[in-house]
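Q: Going line by line, the protein sequences match chains W and E. Under this note's numbering, read the first sequence as residues 1 to 422, first letter to last. Under this note's numbering, read the second sequence as residues 1001 to 1422, first letter to last.
In case anyone wonders, no lab produced these hints; they're calculated from the structure. Every residue gets a Cβ at the ideal spot worked out from N, C-alpha and C, and that includes glycine. Treat the hints with caution; some may be incorrect.
A few chain W residues facing chain E, derived, Cβ under 10 Å [unchecked claim]: (1) Lys23; (2) Glu270; (3) Phe295.
There are 2 protein chains.
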Amino acid sequence: MEKNIGIIGLGTVGESTVRSLCKYSKLIEKRTSLNVVIRKVCDSDNSKRRVATKFSLPFTSNPYDIINDPTIDTVVELIGGVSPAKEYIIESLKKGKNVVTANKALLAQEGKELFNLSYKVGRNIGFEASVCAAIPLIRSISEGLVGCEVKKLYGILNGTTNYILSRMHKEGISFYTALKEAQNKGIAERIPNLDIDGIDTLHKLAILTYLCFDLWPSLKDISVEGISRISNLDILYAQELSYVIKLLAIAKREKNKLDLRVHPTLIPKEHPLSQVSSTFNGVWVEAEPAGELLFYGQGAGGMPTSSAVISDIVNTSFLHTQTLKETNKFNLENIKNLRMRYYIRFMAVDKPGVLAKISKILASLNISIASVTQKERKKGKFVPIVMITHEAKELDVRIALSKIDRLDVIQAPSQLIRIDEL
Amino acid sequence: MEKNIGIIGLGTVGESTVRSLCKYSKLIEKRTSLNVVIRKVCDSDNSKRRVATKFSLPFTSNPYDIINDPTIDTVVELIGGVSPAKEYIIESLKKGKNVVTANKALLAQEGKELFNLSYKVGRNIGFEASVCAAIPLIRSISEGLVGCEVKKLYGILNGTTNYILSRMHKEGISFYTALKEAQNKGIAERIPNLDIDGIDTLHKLAILTYLCFDLWPSLKDISVEGISRISNLDILYAQELSYVIKLLAIAKREKNKLDLRVHPTLIPKEHPLSQVSSTFNGVWVEAEPAGELLFYGQGAGGMPTSSAVISDIVNTSFLHTQTLKETNKFNLENIKNLRMRYYIRFMAVDKPGVLAKISKILASLNISIASVTQKERKKGKFVPIVMITHEAKELDVRIALSKIDRLDVIQAPSQLIRIDEL
C-alpha cells in the first residue's frame, strides 16, 4: 500500500525526517506493508532546495503545492510557530488530508480548534513529536492508558533547562555559566527565554492535559516560573537536604479539581525522576489501574524527533478518527490556594534576634518550620538562612515573604522554591 | 459503536480486568466512542461464578460458549499456560475473532504459528499484557519505534527476581531469606523456579525479539541463568565496585548477528536502569534514530495488568492487520564466543602463592585482570578473592575457571557474573 506524503519545513527536524525516511523506508514497508513515498518537500527558504536535491526529491517553496496536491494524503508540518502553520494545517484538513505536526506552540494555543476541525472532517492529527520527541509518550497515554484515569503527572519536558540544572548540580557552576555553556554547545538558543522561562514546558503541559484530562487549558490560567532565579547556593542547599532541583510540569487531579503548574521543584534524590539528567526528558505518571510509570528519552534533536514524526506518518493511516472531546468540567486550581512544603532562602544580617523576627512573621501566618540551616557566620554581614517549611498555603507564604523582605535585616528578594515529595 | 467481548479465565488478571472495565467503561466510551460490553465470562473452576455474579455478568464454565458466540468479536484469553490456551486462541481466530492475551509462555513458544494464523485470517492478536504488564512497551516498540532499528535492549522483565535482588542489595540478606520474604508477601510463588531460574524473563525476551527484530527465536538457543547462585557476598563486592546486580534480558544486534541472553549482570550504579528496584520492571532501548529510551512501571499484579489488557481490547478494533514477518536472516550468537568483562569470585586458601597460581592459568588463556580485591585475612582458611577482568572470551573464561576450580587451594565452584557497562 502506498502512503504519499508532503513535508513542509526543512529545518533540523524536517531534514532529519527526510533522511530517516529514506534510510528506513524498506524496514517500514516490511513491518507494515506501507510504502511511504515523499511526493514533495517544501521550504520558504529557497536555499533548502539542496536537501531535496541530496535525496532526489521534488522541491517547492510554495506549501500550497503540497496542500492542494490530490495525490498527497498526509501533510507533515514542521515549520513551527503559530502562523502560518495553523493556516496550512487547516487547509490540509479541509482538503481531506491527515496531518502530522511537531508544533507544540501551535497545539498549546490552537489545539482545541484544530482537533475539533479534524474531528469534523474525519481526519487525524498526529502529534507524537510535539512532546518529548523520541519518547512514544502521546501514543502511550492515548492508547496504552486509554482505560486509565491519570491522577498525577510530573514532567521534565525541556532538555535545555534540564541540561542547565544538571550542570549546576554536577559542577556547582552558576546559572549564567551553565547557560553560556549550553549556548556554546547549541543546546540553548541565542535568545533562550522560551526555554528558560518555562514557556516551552507550559506548551507541552497543555498538550498533556488534553491527552490525560480531555481538556485544553487556557495557558494564562497556568502558573509558570522559569529557572533563571535558581542560584548555585540553592542547588548546594538542596543537595545537602537530599533533594534535586528540576523544572517540572505538574498536573494533579483530585475529583473535579485540576492543579496545573510549571516551576522549579525540589524533588527527593532517590526518586527515579531525579535521575533524568542532561538533555533527557522524563515523565512520571500515576494512573489507575496502571500504577506508576516513567518514560525517559531524548526530548529534542533532529534524529530523535524524526523517529516520532515517522511513527505518526505510519500510524495516522491506521488510527481511528479522533473523537470530539467534550470539555471536562474541571475547575483549575489557583496556585495561591494550594498547600505544599517550601524551601525558603533568606539573605539575612548575621546578628542576634534576626531569626526571631523571621519566625514571628511566619508564625503569624500559620507557617511552621520543619528545619533551619545557617552555616556561615559573618558578624554583621548578610549570610544565607535556609528554611524548609511544613505544609503551608501558598498565599500565606507569599504574604509572609513580602513582609520579611521589608525587614531591614533582610537583603530582598528572598528565594522561594516549592517542594514535592512525588 | 459496540465492542462485544468474552473473557476466558477469571484468575487475578481476569477478575481485575472485569473490575477495571466496569469502573472505566464510561471513560473509555467518551474517549473512543467505543462501548465495551462483556458478553460472557468463563472459568473452568465453577467457584469463579461469584466474580460473574458480583458484576452481574453471564458466566459459563465452557470456553466454547464464548468462542462460538457470533455476537462476540474479541476473545480475551487470561488462563495462562500453553494448553488449552493455544487451542482456544486458534479456534477464536478461525471464527474470525480478534484475540487479546497476557500469555507470555504461550507466545514465546507458539507465537510464530499463532501470528501466522492471525495474519492468514486477517485478525489481530493483542499482547500488550504479556510483557511488563502496565508499561505500554509492546505499543511503544511496534508503533512508536516503527521507523527505528533497535540496536540494544536491556530488560528487567521479572518483578519477583528484581524484588529479591533489590532486598539483597538494600538489606544485605541472603538469597534464600529474600526469597522467603517474597513468598510470604505473595510476590514469589511457592514453587518459584519459573521466575528465579530466568524462564519467565526468557519468555518475555522471545516476545521482544519478535517485536524488535521480526524474529521468533528458538528458546533453546538462548543462554539462560537465574539468580539463585548470587550470594550476599557478591552483592557486597558489586556495591563496593559501584555496580548493581540485576537479572537482565539482553538483546544486541550488530549487522546480521543477534546476541540474546538472560543472566544476572553487574551494571553501573549510575545507569538509570540500575534505579529500577523492587517489583518494578524497566526496559532500556537503544534505537536509531530515536536514541536511548527507558520504560519503567509495574510488571505484574492484577490491576496494572488489566490496564494493558484493556488497551488491547480497545485498540485491536482499530489496528491494521498484523503483517506476516518474514524470518529475518539473523545468526544467533553463541554466548561462548562473546567477549565481555567478568566479575569472578574465588574462595581460596589464604596463603602465599595462591594468587600466582590463579593468575598463571588466567594468563595462559589470554584473560587479563583489571582489578583484584582480597579483603579478609584468615591464614590457612578459605577467603574470597574478587577479580574483575578486562574483556575476555566467554569460552576462555569458562576453561580457566574449570582449571582453577581443580586447584586444591580453591573451594569450588568459583562464582562468575558478567559485567555490562550498558
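Q: Look at each hint and say if it fits the structure.
A: Evaluated hints:
This hint holds: Lys23 (chain W) has a C-beta 8 Å from the nearest C-beta of chain E, less than the 10 Å allowed. The interface hint given for Glu270 (chain W) is met, as the beta carbon of that residue sits about 9 Å from the closest beta carbon of chain E, less than 10 Å. Taking 10 Å as the C-beta contact cut-off toward chain E, the hint placing Phe295 (chain W) at the interface holds, the least distance being around 6 Å.
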